[in-house]
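These are the residues of each chain, in order.
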Amino acid sequence: MNKKGLSPMQKALVRRETISAYLFLLPALIFFVGFVIVPMILCLVTSFFSYTMTEFRFVGLENYFKMFQDEIFIKALVNTVLIVVVSVPAVTVFSLWVSSIIYKLNMAACSFFRCIFYLPVVTGTVAVTVVWKWMFNKYTGLFNYVLTSTGVVDQPVSWLGDSKTALWCIILILFTTSIGQPIVLYISALGNVDQSLIEAAEVDGANDMQVFWKIKWPQIMPTTLYILVITTINSFQCYALIQLLTSGGPNHSTETIMYYIYYQAFKLNQYGYGNAMGVILAIIIAVFSALQFKVAGKGND
Amino acid sequence: MKLKKMVSVMVCAGMAASLAACGGSGSGGSTTAAQSGETSADTQAADTPAADEGADAAASGEGAAITLWTYPIGSWGNSEVVNSIVSKFNEANPDIAVSVEYLDYTSGDDQVTAAIEAGTTPDIIMEGPERLVSNWGAAGKMVDLKDLWDDEALEDISAVSEAVVNACKSSDGVFYEYPLCMNAHCMAINYEVFEQAGALQYIDQETRTWTTEDFGKALQALKDNGVATTGVVYCGGQGGDQGTRALAKNLYSAQFTNDDHTEWTMNSENGIKGLQQLVDWCNDGLLSYDAGAVASDELQLFANGTIAMTFCWNASNQANYASQVSFTPYAVAFPSDDGTPELEGGIYGFGIFDNGDAAKIEAAKKFIEFVCDDETQGPVSVTEAGFFPVRASFGNVYEGAENEETMSAFNSLMQYLGDYYNVTPGWTEQRTAWWNMLQGIFGGNDVTETVNSYVDTCNAATQAAMGQ
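Read top to bottom, the protein sequences are chains C and F.
With this note's numbering, you'll find the first sequence wraps up at 516, consecutive numbering, no jumps.
With this note's numbering, you'll find the second sequence wraps up at 484, consecutive numbering, no jumps.
Only chain C is shown next, with the shape it has when bound in the complex:
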């Protein structure tokens, strides 16, 4: 609105509305600045210090150089990227597939399936993880019971204790706890696709695949972009599962950057080093998110 043409009364009203808007924003802004912006700045600043329980000394980029010579950090970085590369496409594709089937069902059936898939999200990570841990137990777990009973394996498998299987178990659990929200979002997005466009395409002779890719897919693209970004961030920040199930083992095969940051900061009290890793993680997430916006965000406002 052009303020120049406004009367003094109108200007006063606009000013009052602006002040009210800022006042409404203020509580959230205080929390955002206090618990996000300030810690981020402090994290960045302290990453240039040798900061322990007894020391606070400026070391410049030493923590960053040390990080890339730290074999465990490199291992954690590779594991984290593997988790992201596997789980993000898997979660997105599976959620889309399930949603495209569910959204056509009647209201009751659709709600039922939404509840089923959303349950692991609302149950809480610790409870879900404990149940998975029971199922993966080498001696009394469900998986080994079924596999040994059916003769698929001779000896029980230590699912979380074998470096060949442990990370895949983590990815599986992460997958089950990550699909709930994307499915709910996709069902909503698919339900909002303009029905008249679909009908018009069908009248013109388009088959199901063409309708999906030419009509539905472009319209649910903003939802896809959102799902890609939040799933990527959640996968990069995989910590609780590792803490509760493997502590990064065996042989660091499930070590993730988030868990390694925790270990350095809270177990070894290397706060500066941990913060430096946090900065690198934030940069990687930002790069991944930017790429996703670049690739999937074309044409989306």
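Hints listed in this document are in silico derivations from the structure and should not be mistaken for laboratory results.
Mixed in with the good hints there might be a few duds.
[Stated by the list, open to error] If you only want the chain F side, here are some residues facing chain C, beta carbon under 10 Å, derived:
| # | residue |
| --- | --- |
| 1 | 152 |
| 2 | 157 |
| 3 | 244 |
| 4 | 245 |
| 5 | 248 |
| 6 | 251 |
| 7 | 253 |
| 8 | 255 |
| 9 | 268 |
| 10 | 304 |
| 11 | 306 |
[Claimed, not checked] Lysine-lysine pairs mimicking BS3-like chemistry, simulated, CA-CA at most 30 Å apart:
| # | chain 1 | residue 1 | chain 2 | residue 2 |
| --- | --- | --- | --- | --- |
| 12 | C | 482 | C | 290 |
| 13 | F | 239 | C | 482 |
| 14 | F | 185 | C | 348 |
| 15 | C | 379 | C | 509 |
| 16 | C | 379 | F | 239 |
[As the list claims (entries may be wrong)] Some chain F residues close to chain C (C-beta under 10 Å, calculated; not the full set):
| # | residue |
| --- | --- |
| 17 | 313 |
| 18 | 458 |
| 19 | 477 |
| 20 | 479 |
Heads up, the beta-carbon is just placed ideally off N, CA and C, and yes, glycines get one too.
We have chain C; now place chain F onto it with these hints.
Positioned in the frame of chain C, the structure of chain F alone reads:
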């Protein structure tokens, strides 16, 4: 320093907030500021009558409100028991308010770390020397407790074990812990399963000891009798790692560190031999290992009767699992080549965080003296922990108790208490390196090479901690 303090507080507020969801603190007793007793050391120097009164209060700790954080050491994790102890303390010291917060071993250390950096530590904390002395004491966060360690206490505690006295002080002789009780960690067998397999013959039931050779024979007897999994060498994390350390080092009487506690020595010939023996038993199917299990998982398998022995037993576990087991858990020492084991010890007591408030420090000392030294309360405090007194004058605190026989069995193992090397600098790094090393050797890596690498890691951490 001002910048560091400010940065510390803000960073830790963020860290603590982010960890709050993962933390599992117990009752979360609120910390009350010592409003009336806030009399600093500076005030004591003043010469006005009011200041004199304040100085007296600071010296006596009267009117202070103090906070106790306790790990779940026996019933010291039970709010009813601790509240009862606090009530008894308040009968004699009505002016000192004590609030309690209960930590657990999963997130407790993280809470303390966050509190240290944020400057919100409790006044008193209950745990062992590896935390109170080697970690927080060495970092200059704790109060010197030399006035609690008077001649009488020194003599009484030394009469039980000189190792306890040494464990409670730093390498430069400063006492950061005042001990209450101690125990020896051991292993336990399923008595009936061993009996059925004819494996009891390999245990000297009078001394509850066995040799490495006999242990091997017992494993074979169990296997021959159809026991699918005899025991599990757990290495999925650091929980209960004292069991796997004791098992590996005792098999061929290796030492975990040198006498000065400045170097790690499990790469000695005997240390490697012991670890190789464990790998061989696992390869032969006589033992099992699980890199996905920690001690609590292994204990549950033992309690279920799935496995025939546990490497993580003590009097407290016996009490905790008593209602779950349908067999006789029989405590025994770890097997050793000469039949004389060196058991891992636990020494539990109190330390005081230096919060810069003389009144609170005095009040905290009064509380510790009451809990540990009082003729009536001291033995009760020990029995609530479920372990044994560090004071000779307390005698047999379980005499006439319902569990006297059980505790007598555990007491008989106390004579095998070995060197308390947990105070070696770099202890925290060692704990992580240990289970990672076990995962490596059981995963097929060369034992000698992996153990050497583990020792190098630990020694580097020790040297860094010692400022070398």
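Evaluation of the provided hints:
1. 152: 8 Å, holds
2. 157: 7 Å, holds
3. 244: With Cβ-Cβ at 9 Å, under 10 Å, it holds.
4. 245: The hint holds - residue 245/F has a Cβ within 10 Å of chain C, the shortest such distance being about 6 Å.
5. 248: 8 Å, holds
6. 251: Result: holds, 8 Å to nearest chain C Cβ.
7. 253: The hint holds - residue 253/F has a Cβ within 10 Å of chain C, the shortest such distance being about 4 Å.
8. 255: Since the shortest Cβ distance to chain C is 9 Å, the answer is holds.
9. 268: 25 Å, violated
10. 304: Hint on residue 304/F: holds, closest Cβ of chain C at ~8 Å, below 10 Å.
11. 306: 5 Å, holds
12. 482/C <-> 290/C: With Cα atoms ~19 Å apart, residue 482/C and residue 290/C stay inside 30 Å; holds.
13. 239/F <-> 482/C: 40 Å, violated
14. 185/F <-> 348/C: Measuring from Cα to Cα gives roughly 41 Å; hence the hint is violated.
15. 379/C <-> 509/C: 35 Å, violated
16. 379/C <-> 239/F: Distance ~28 Å between residue 379/C and residue 239/F Cα, so the pair holds.
17. 313: 7 Å, holds
18. 458: 9 Å, holds
19. 477: 8 Å, holds
20. 479: With Cβ-Cβ at 15 Å, over 10 Å, it is violated.
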